[in-house]
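Undergrad: Build out the structure end to end from the sequences listed, making use of the hints.
Residue numbers (the numbering used here), protein chains in the order written: chain A, 350 to 696; chain B, 350 to 696; chain C, 350 to 696.
I should point out that these hints are in silico values taken from the structure, not numbers from a laboratory. It is possible that part of the hints are untrue.
Just so you know, same-sequence chains aren't split out, so a pair can sit in one copy or run between any two.
To be verified - Keeping only pairs whose Cα atoms sit at most 20 Å apart, straight-line, the calculated DMTMM-like set for lysine to aspartate or glutamate is:
{"id": "1", "residue 1": "544", "residue 2": "438"}
{"id": "2", "residue 1": "611", "residue 2": "381"}
{"id": "3", "residue 1": "485", "residue 2": "512"}
{"id": "4", "residue 1": "544", "residue 2": "500"}
{"id": "5", "residue 1": "617", "residue 2": "540"}
{"id": "6", "residue 1": "485", "residue 2": "457"}
{"id": "7", "residue 1": "444", "residue 2": "513"}
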Amino acid sequence: MEFKAQSIAEFLNGTVEGDANVTVSNVAKIEEGKPGTLAFLSNPKYTKYIYETEASIVIVSNDFQAEKEINTTLIRVDDPYKAFASLLDLYQMAKGTKQGIENPSFIDPTATIGEGIYLGAFAYIGKNVKIGNNVKIYPQAYIGDNTIIGDNTTIFAGVKIYEDTRIGMGCILHAGSVIGSDGFGFVPTEDGTYKKIPQVGNVVLEDFVEIGANTTVDCATMGSTIIHKGAKIDNLIQIAHNCEVGENTVMAALTGLAGSTKVGKNCKFGGHVGVAGHLTIGDNVTLGAMSGVTNNVKDDKTMLGAPAMDISHAAKVMVVYRNLPQLRDQIITLQKEVAQLKGQQSN
Amino acid sequence: MEFKAQSIAEFLNGTVEGDANVTVSNVAKIEEGKPGTLAFLSNPKYTKYIYETEASIVIVSNDFQAEKEINTTLIRVDDPYKAFASLLDLYQMAKGTKQGIENPSFIDPTATIGEGIYLGAFAYIGKNVKIGNNVKIYPQAYIGDNTIIGDNTTIFAGVKIYEDTRIGMGCILHAGSVIGSDGFGFVPTEDGTYKKIPQVGNVVLEDFVEIGANTTVDCATMGSTIIHKGAKIDNLIQIAHNCEVGENTVMAALTGLAGSTKVGKNCKFGGHVGVAGHLTIGDNVTLGAMSGVTNNVKDDKTMLGAPAMDISHAAKVMVVYRNLPQLRDQIITLQKEVAQLKGQQSN
Amino acid sequence: MEFKAQSIAEFLNGTVEGDANVTVSNVAKIEEGKPGTLAFLSNPKYTKYIYETEASIVIVSNDFQAEKEINTTLIRVDDPYKAFASLLDLYQMAKGTKQGIENPSFIDPTATIGEGIYLGAFAYIGKNVKIGNNVKIYPQAYIGDNTIIGDNTTIFAGVKIYEDTRIGMGCILHAGSVIGSDGFGFVPTEDGTYKKIPQVGNVVLEDFVEIGANTTVDCATMGSTIIHKGAKIDNLIQIAHNCEVGENTVMAALTGLAGSTKVGKNCKFGGHVGVAGHLTIGDNVTLGAMSGVTNNVKDDKTMLGAPAMDISHAAKVMVVYRNLPQLRDQIITLQKEVAQLKGQQSN
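TA: Dropping the structure here:
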């Protein structure tokens, strides 16, 4: 697809400065702009790139004043970032969305399926599954028995959803994610072997949840593992049985929550974070990357380190930690000095 | 499925106290009990919940004496936890197990398949594969050439098993796990590129092994990567080429073993543990979450930290670590005091 | 397949010592050799095993001089390791390679496919996909629209490739890996919810890249996430949006790069490494296992620890860290001694 500068400007209620007939077919960052791409300039830090970018069109603010010659076509708008974002949305829509049912796919006769859906080839829909309207299920996805999926949810290729899962509206599940696998529950027996505890609960993903590629969310032993509304879970994350993740909480890749831990609303977890089981993490908690949390955390705290500490304390600890060899040398010096002082006194 | 209190009591050799006709269709923790659910009370810590639970039926001990009015129906038995667990087993069985071969699936004509199996749609069975009796292979699973799978093993949706794998009886492989991918073996060459070492070994999973969702077990360079009988491996774990995991060892999510490391029997690893390559970890070893192991570990040790230390020492180290800023201040104070003392002496 | 000692010796330009008619059907390490296997002896540390190995054939150097009786057949060559490696290559080739198109598979009519390819059952080829010659695509793999795959690349079972991906020649993508999933990009809004930023970029894997099982590589927000020529990425690794990984860089399992980080050429990362976003890691950088990198790293550095420090400094820090309880005791002793000295002076 190609778009003319003139058409873009009209869509954005902006004005063209330069060649109104130049076309673009892709977007780029201003510092990486190539011919045929559209970029934007919002952050003044990047102003220098506008004089050298090869992007064919750059969206700039009405206030922008060039200090050198500019070779690209400009489109002037009130808020370049917002304008660019709305173009991205348009671009996504213009690419067209998948629709229809590809063959072969497997739909159990007891399943019910809404309007306007996409069902890719080799996708599997189990018994009594209920799928809402405008749901997209990409090839090779597996939807286990009795699962319910709300309107406008997208399930990418190869997602595996175990039976009895509840998924809300407007969710996005990325390729390879696994929802509802058995919780890791075993009872040790006298001979050293483990007896499996049947995991009879399920997983509930509320509306507008996003689950990253190859992330795993285990079902509850009993009851539900719940990811609340609007939470965003990155790739390769482990959410164990009976956990809860609060509304609008975001977690970066390779993080793991052990069983029965409850995380509050509006939290932000960095990558590689580990949280032990049966803990309560409050609302608005920030955990730095690689934090290891072994105790409950109160609302509004920012923690770092393993074991995790309040960030202001953790920062101080880490400064001293880096200087440990120097600290040890200072102690050795003190020991010598004190020995000398004692020697002198006893003389 | 609905079950009457009377029927449940008969199955458990228990006695009903309350409405023998009340029915339940699901189970719940006593503190989360809702109408229509069955709960149990075993741990005295939870006794308070029996007076407020909405669960329709609660299994209690014959010895239990109510101190307030109870609104739920009780079933009295000798051991409530054991009784509940046997009900969960029954519930699992009552849900019915999958059987039969769904279409389309792919079975190479040279493969042999036992009695009573389930083969889901879009599952793939390669050349010379041998599958035992009562094996369940869910949709979109891939069983590579020459693989052997023992009786009563369950392979969930989308599991990928490379060629020549040996899987015992009663194993469970969760969705998205990958068994037998190439070990990470490369030889550096003079021009800085790497030459791949062909990985011609395989993976052996002995009987009653459980592998978590999206976990990866690489094949051996030569010989076998072996997970011994009864080991339980959680989600998103990496077992590298030529590793061995001992009988009844359990590992929590996001743990990784580097190549050729041997782990003993009855070990317990927390989450996010890393073990370097070519190490020997003894029997009955416990590694705390996020431990980083760079040396061999003897039998019966409990280790923590990165680098991992004996837990009693690690606990002491971590106490001082948290207090590092205070320690530094103490050293600064000492330096001043000693300087003063020296000054006074030289006067 | 069985191979005679005589035939192997001829292939290797070597000479047989012992039974030239003995056959082998597999390879083994010399210390694990069993009848019917072929091993090699290159490292003098392993010489002791040649007197006890059960391997039927061992490849040894022309210079090797036995000090005891040897029961196995020897094949003498100039360089036993090189000879063995060439046999492994031969063995791989002799196993035969998959070819042809299995049914059912899904090939969009707009896709173009080269000569000599293997396309497994239940594989999916989207619109306008271009696949080179001798490409192997195993069962249940998903190739999204507009993707281009170069000659001689192997895509194992269940790999998921999102639209617009570019994959070079001679690449290997292991089972369950996900290429091109959305970057983790969200803009917080005033009501605490997050608005998704459309991810319109793609992923580029250059020639001879290897991607491990269940590894995830996110697409760029705009532009491309790039894995350069010859880079080798192990299992369960997260490469975030807009990252670059330099030529011949190798990364071990469970490592994660946050968004927009650029890693140079010929780097080596251990397992469980975390690198924060928007960083630049130079060429020839080595990061020890479990390192946490929060700052740019210059060429040729070797770093360790979280936060990562130069390895020589990190080694010193860790020695003191392990001795922290002793250090604290020394400070307590010093405090007592200084207090005593002060007391004596004031007397």
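Undergrad: If you test the structure against every hint from before, which numbers come out violated?
TA: none
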